[in-house]
Amino acid sequence: MAGESLKFRDPELAKALAAALARHVEEIGRPVSVMHVCGSHEQAIAKFGLRSMFPKLLTVIMGPGCPVCVTDVPEVDEGVVLAEQGVHIATYGDMLKVPGTVKSLADAQATGGKIHIVYSPAQAVELARSLPGEEVVFFATGFETTAVATAAVIVDDPPKNFSVLSAHKYIPPVMEIVAEMPESRVEGFLAAGHAATITGWAVFEPFIERHKLPVVVAGFEPLDILAGLVELVELVKNGTPKVVNMFPRCVTREGNRAAQAQLWRVFRPVGGRWRGIAHVPNGNLRLRDEYAHLDARRRFTIDVKKLWDYAPTHLANQCICGDIMAGIKNPYDCKLFNKECVPETPVGACMVSNEGTCKIWHLYGGVPDLSEVSA
Amino acid sequence: MTSSVAPLSGRVTLKQGGGGRAMRNLIEKLFIRDFAAMPFEGVGLAAMDDGAAIPIGDGRYLVVTTDSHVIHPIFFPGGDIGRISISGTVNDLAMMGATRPLGITCGVILEEGFDIEKLEAIQRSLVATCLEAGTVVITGDTKVMGRGEIDGIVINTTGVGITRRVVRDNGLRAGDRIIVTGTIGDHGLAVMSARHDLALEGDLVSDVAPINELIEAALEAAGDAITAMKDPTRGGVASALHEMASKSDVGILLSEHSIPLTDAARAAGEILGIDPLHVANEGKALIGVRADAADKLLAALRAHPRGRDAAIIGTCTTERLGSIILDTGFGRRLLAEPEGEPLPRIC
Amino acid sequence: MCLGVPGKIIDIDADGVMATVDFWGVRRQVRLDIIDEPAAVGDYVLNHVGFAIRRIPPESAAETLSLYEVLLQESGDDVMTADLRAEIAGAGEPAKAR
Numbered sequence: 127m128a129g130e131s132l133k134f135r136d137p138e139l140a141k142a143l144a145a146a147l148a149r150h151v152e153e154i155g156r157p158v159s160v161m162h163v164c165g166s167h168e169q170a171i172a173k174f175g176l177r178s179m180f181p182k183l184l185t186v187i188m189g190p191g192c193p194v195c196v197t198d199v200p201e202v203d204e205g206v207v208l209a210e211q212g213v214h215i216a217t218y219g220d221m222l223k224v225p226g227t228v229k230s231l232a233d234a235q236a237t238g239g240k241i242h243i244v245y246s247p248a249q250a251v252e253l254a255r256s257l258p259g260e261e262v263v264f265f266a267t268g269f270e271t272t273a274v275a276t277a278a279v280i281v282d283d284p285p286k287n288f289s290v291l292s293a294h295k296y297i298p299p300v301m302e303i304v305a306e307m308p309e310s311r312v313e314g315f316l317a318a319g320h321a322a323t324i325t326g327w328a329v330f331e332p333f334i335e336r337h338k339l340p341v342v343v344a345g346f347e348p349l350d351i352l353a354g355l356v357e358l359v360e361l362v363k364n365g366t367p368k369v370v371n372m373f374p375r376c377v378t379r380e381g382n383r384a385a386q387a388q389l390w391r392v393f394r395p396v397g398g399r400w401r402g403i404a405h406v407p408n409g410n411l412r413l414r415d416e417y418a419h420l421d422a423r424r425r426f427t428i429d430v431k432k433l434w435d436y437a438p439t440h441l442a443n444q445c446i447c448g449d450i451m452a453g454i455k456n457p458y459d460c461k462l463f464n465k466e467c468v469p470e471t472p473v474g475a476c477m478v479s480n481e482g483t484c485k486i487w488h489l490y491g492g493v494p495d496l497s498e499v500s501a
Numbered sequence: 037m038t039s040s041v042a043p044l045s046g047r048v049t050l051k052q053g054g055g056g057r058a059m060r061n062l063i064e065k066l067f068i069r070d071f072a073a074m075p076f077e078g079v080g081l082a083a084m085d086d087g088a089a090i091p092i093g094d095g096r097y098l099v100v101t102t103d104s105h106v107i108h109p110i111f112f113p114g115g116d117i118g119r120i121s122i123s124g125t126v127n128d129l130a131m132m133g134a135t136r137p138l139g140i141t142c143g144v145i146l147e148e149g150f151d152i153e154k155l156e157a158i159q160r161s162l163v164a165t166c167l168e169a170g171t172v173v174i175t176g177d178t179k180v181m182g183r184g185e186i187d188g189i190v191i192n193t194t195g196v197g198i199t200r201r202v203v204r205d206n207g208l209r210a211g212d213r214i215i216v217t218g219t220i221g222d223h224g225l226a227v228m229s230a231r232h233d234l235a236l237e238g239d240l241v242s243d244v245a246p247i248n249e250l251i252e253a254a255l256e257a258a259g260d261a262i263t264a265m266k267d268p269t270r271g272g273v274a275s276a277l278h279e280m281a282s283k284s285d286v287g288i289l290l291s292e293h294s295i296p297l298t299d300a301a302r303a304a305g306e307i308l309g310i311d312p313l314h315v316a317n318e319g320k321a322l323i324g325v326r327a328d329a330a331d332k333l334l335a336a337l338r339a340h341p342r343g344r345d346a347a348i349i350g351t352c353t354t355e356r357l358g359s360i361i362l363d364t365g366f367g368r369r370l371l372a373e374p375e376g377e378p379l380p381r382i383c
Numbered sequence: 784m785c786l787g788v789p790g791k792i793i794d795i796d797a798d799g800v801m802a803t804v805d806f807w808g809v810r811r812q813v814r815l816d817i818i819d820e821p822a823a824v825g826d827y828v829l830n831h832v833g834f835a836i837r838r839i840p841p842e843s844a845a846e847t848l849s850l851y852e853v854l855l856q857e858s859g860d861d862v863m864t865a866d867l868r869a870e871i872a873g874a875g876e877p878a879k880a881r
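Protein chains in written order, with my numbering: chain A, 127 to 501; chain B, 37 to 383; chain C, 784 to 881.
Hints are supplied without guarantee of correctness; some may be wrong.
Straight-line distance between alpha carbons at most 25 Å, and here's what the computed SDA-like set of lysine to any residue pairs gives [unchecked claim]: (1) A:K368 - A:E152; (2) A:K465 - B:T351; (3) A:K173 - A:D136; (4) A:K286 - C:D798; (5) B:K65 - A:A236; (6) A:K286 - C:L815.
It should be emphasised that the hints constitute simulated quantities derived from the structure, not laboratory data.
Could you put the whole structure together from the sequences, leaning on the hints where they help?
What follows is the structure, encoded as structure tokens:
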């Protein structure tokens, strides 16, 4: 697969796609804004320096596509409180530094909390097996792509000392929220290829029906993203609101039906807040009653109120992560960006996650023009 | 970006030992301030280089460096804490120009209950690595602490060597080429994979090794044309280059496709979502060299078994001082310094 | 939002649940219980958090690349494009309501 992947990193083909993108935008003849809803897209755009290839009139906004960033403050608080009760917490490396009301899991760890970084839910189950007599809670974050893996271990008869604190989120509903925001200038969406691998691309059809906006499903290699944008801008140009699947090697119309069935067998969608965005109807995934015995929220008394003895800092109140994730503002609009808010001392979640816009702009320098720097 | 250093407060966190800005901030604000103000002739603490250089007359310098080694797991693919303890100190001396270590001290702190067989294996590794580097442990110290008071084993090594020319990490000038002596990221990714039980098997192996002989060959080939050296340990190539660039007051334009990388490191980086530029190397050096001597140096490095994969990866510029610009082949972006220990991530 | 890495199955255990997958020389155990269709040794799969979520049809990479080539042509609605797009759209059967 090495060779296969490298095919999608051919700079010459990339330049040709960028030229095609410029041509379409030029034909539209005015500024165009599109949004991707996937942190991995932003990662790839930043990592490969693709922004420097985009036409000036095209704005590619990063939407609420980072599951770590949108994990709400009280959800982090729940994990912190459980850790302080002496429960082992297994979670993905991404979550460690996400700020809660007053503490992150990393802070809880510094004061003795038993936090374990895992790569897979299966590893969290193994951890529970290796610690009989101790409680192990898997603090589960991620979108549907990741939730299906959590579901798989839940139905697989995990040990009695294992439970799940689900902060899983479901993407399709939040696209509705963003599309309906009055300030939203978004004319099309680049949908996340790996989430669509699960849901299938047909899941976007009702959205298009309602909002008359085109959606292009795209993969994550540089050429995938550029080609996805070319297609999307062309749809904008032609005024054709439809779904186009530009990631056929992973995405089909119906998606992974076995995984979907398992997802909905284990989880039910409930409304809830996404950090910085809004209340998202059906945006959170919680364990169904059949799996109540594995639900950390029902197994433990999680009283997050005691954390509220400390007021959030005045800095937190100035954080504009929500506007950034809604695509209304960019990090340079934030007074805290690269000043009080840096990866060592993040104020908002966007500075924590590797997929957060602020972290990525901090890491990769945002969109400076580096083309003139000579060797 | 470099303007933002957080004030010290509260408790020490792990990231303050991660080799990035948080650690430098702690060192600068707490340890260096007082000592830097005290009189000292030579390269001292204030330089924050790989070691210190004390002038001993006759145009010669005594180079001293010290390192405490903690690593989890203590045995990992490609090495162990013993091999790292010797290699790290030998390499720090070499980075300052002292490629023939006179001797090494070794202090060992053990946790009650530590397995003697493991200790014997570590001792064998200390000996083997010393033989490889052409040095010897000349004095030491042993302490045992109660169970839970320390995590397994900590080894401190101090090395001394002599050089006529001290090579610093701040001597880069515009136009200089940056050479890396081999593939990057191998150590950090191999250890991370072992540490978090990520169950990655295969060709992922740490590069931990003493490279003083390689550096001696480099200095013989290019001499004064070598303007700076640094070993990209914690924080990886990204962190080391930032330090070199900001201390030298140059920018560095890096060409991503010329950076040597094994398939295994590339794959592990993709699987774990970690940039190989951000993780530790324990057997590599970054060398700044005048452009006209770059090819000669490269040939000398490649002639040595530890420098086979050496490559010219960048050029120093007068623009964007202190920054590293990465040319990805698609476009250009700034390369950031990692903060703290990179963690495997899923998104 | 979700790191997905393609790799090649080099072994499958007796129950058919656990596969050893090779990613450019690095091997890892990957679970097959939520994959979209049965996979065999030699198949490429998309891995996310230790689970295969998709069997990648062998011809699909070439198919995608040819789609990109088509995009490069000035006109976006020539016959070849239409054909290719139809082919890709037809990759799945009609969606079923959940």
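Right, here's what the structure says about each hint:
no., hint, verdict
1, A:K368 - A:E152, "22 Å, holds"
2, A:K465 - B:T351, "30 Å, violated"
3, A:K173 - A:D136, "15 Å, holds"
4, A:K286 - C:D798, "24 Å, holds"
5, B:K65 - A:A236, "21 Å, holds"
6, A:K286 - C:L815, "24 Å, holds"
Of the hints listed earlier, the one the structure fails to meet is number 2.
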